Amino acid sequence: MYILIIGCGRTGSYLANLLSKEEENVVVIDKDATSFEELSAEFTGFTVEGDATEIEVLKDAKLAKADSVVVTTDDDNVNAMIAQIASELYQVPKVLVRVLDSQKEVIYKELDVITMTPTSLLVDKFKDEIVRSV
Amino acid sequence: MEIIIVGGGKIVYFLAKNFLAKGYQVSVINKDQDYCINLAKKLNAVIIHGDGSKLNYLEQARASRADAILALTDNDPDNLYICQLAQREFEIPKTFSVINNPDNEEIFKNLGVDTIFNTTKLISLLIEQRVETTDVNNLLSIEEGRLNLSQVILKEGSPVLGKKLKELNLPDEIVFGCVIRGEEVVIPKGSTKLLENDKVLIITLPQRQAEAFDVLTGEE
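Chains A and B are the protein sequences, given in the same order. Everything in the first sequence is counted per the numbering used here, starting at 1400 for the first residue and increasing by one. Everything in the second sequence is counted per the numbering used here, starting at 180 for the first residue and increasing by one.
If you are wondering where the hints come from, they were derived from the structure by calculation, not from laboratory data. Note that the structure is a prediction, hence the values are computed from the model and not measured. Yeah, the Cβ is synthetic: ideal placement off N, Cα and C, and Gly gets one too. The reader is advised that the hints may include incorrect statements.
Said to hold, decoys possible - Rough simulated footprint, nothing fancy, chain A against chain B, three-plus residues with beta-carbon under 8 angstroms:
#1 248 to 259
#2 263 to 276
#3 286 to 298
#4 369 to 375
Please build the complete structure, drawing on both the sequences and the hints.
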C-alpha cells in the first residue's frame, strides 16, 4: 500500500514510523525539514519538504497513486483543503483527517473522508471512565 | 443586499466603504483587534473581531441572511474554508474568493467557489499587456479560455485601413466589440470606417483568433 502522510508532527511521525515498520510504502510531507528528525532510524519511506497546499508538492509526492492519505497538519483549514483535494479531486480511496477544533468538522459532512477529533475522543473516554467508576 | 467580507488591509476598508455608499449592509470579520477597532470608527458597518472560518463569527455576521461573502485573506486554505462554510452551513448564494497561489484557481472552482480573483495572474497579465510591444494583445479570456477578448492596434500598412467593416473578409466567429479612436469610443456598425491607430476590440473563439489578427494586421 502507498500511504501519504501530510504533517510530520507527533501524530504524523508516529504513524509514519509504525506503518513503515509494517513494511508499508510511506511518504511524509512537511513544510519544515527539521520535523523529519522525529522519524525513527528504521523508517524506510521517503520525505518531501514542501507546503502541501501547493498542488505541485502533492503531485511530486504522487498523490494520484496514493491508497491512503492521512492529513495531520496543525491547521484545520489547511487540512480541510488538502483532504478535499485528495478525496474530491484525486479520488484517493481512503482519506483520514485529524480535526483539532471539533466545530471544523462540519465541512466534512457530505464528504467521503474519515475524521478524528482528538479532544472529542479523549473527553468521551474520560467521561466514560468517570461515569463508570461512580 | 447584505455582504460579508472576511479579511483586512486597505482593500477591505475601501470595498466596505464602496458597498456602504451603495446602500448595502456590510459586515467585516477580521482576526486583528486593532484593525477592527479602527474600522469600526470609520465605517457604519458591523465589524466583528474573530476568525471568519468559524461558525459562531459567521453567525454574528448574520450569515444566513447574507447575499454574498467575500473571502479576501492572504491565506488560500482559509479563504476556501470560509467560502465552503458559508455555502454549506448558511446557504449564502454567492461566494467570492481571492487566491494568492495562482495554481489554486482550478481547485477552488472544482470545490465550489463561485467567483475567484486570481490576483497574481491578473497582475502578471496586466504587466505583460503594458510591456508587450506588439500590436496584438489578449485582454481577457472568458470561461476558461473558450472565448477571447483581444485588442488589435491598426498600424500603417494594415490592409483594413480606410475600409468599412462590412467590406472586411472576417470569419463568422469574430465579433467587433468596439473601436477606440483616441479618446473616443466608437460602437462599430457595418458602415464604420477603420483608421490608422484605431484600437479594435474583438471577441473571438480561440481557434479563429489568429485568422482575425492576420486579416486586421495584414501579417501572415
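Verification of the hints:
no. : hint       : in the structure
1   : 248 to 259 : holds (count 5)
2   : 263 to 276 : holds (count 4)
3   : 286 to 298 : holds (count 3)
4   : 369 to 375 : violated (count 0)
In summary, the structure is inconsistent with hint 4 from the numbered list given earlier, while agreeing with all the others.
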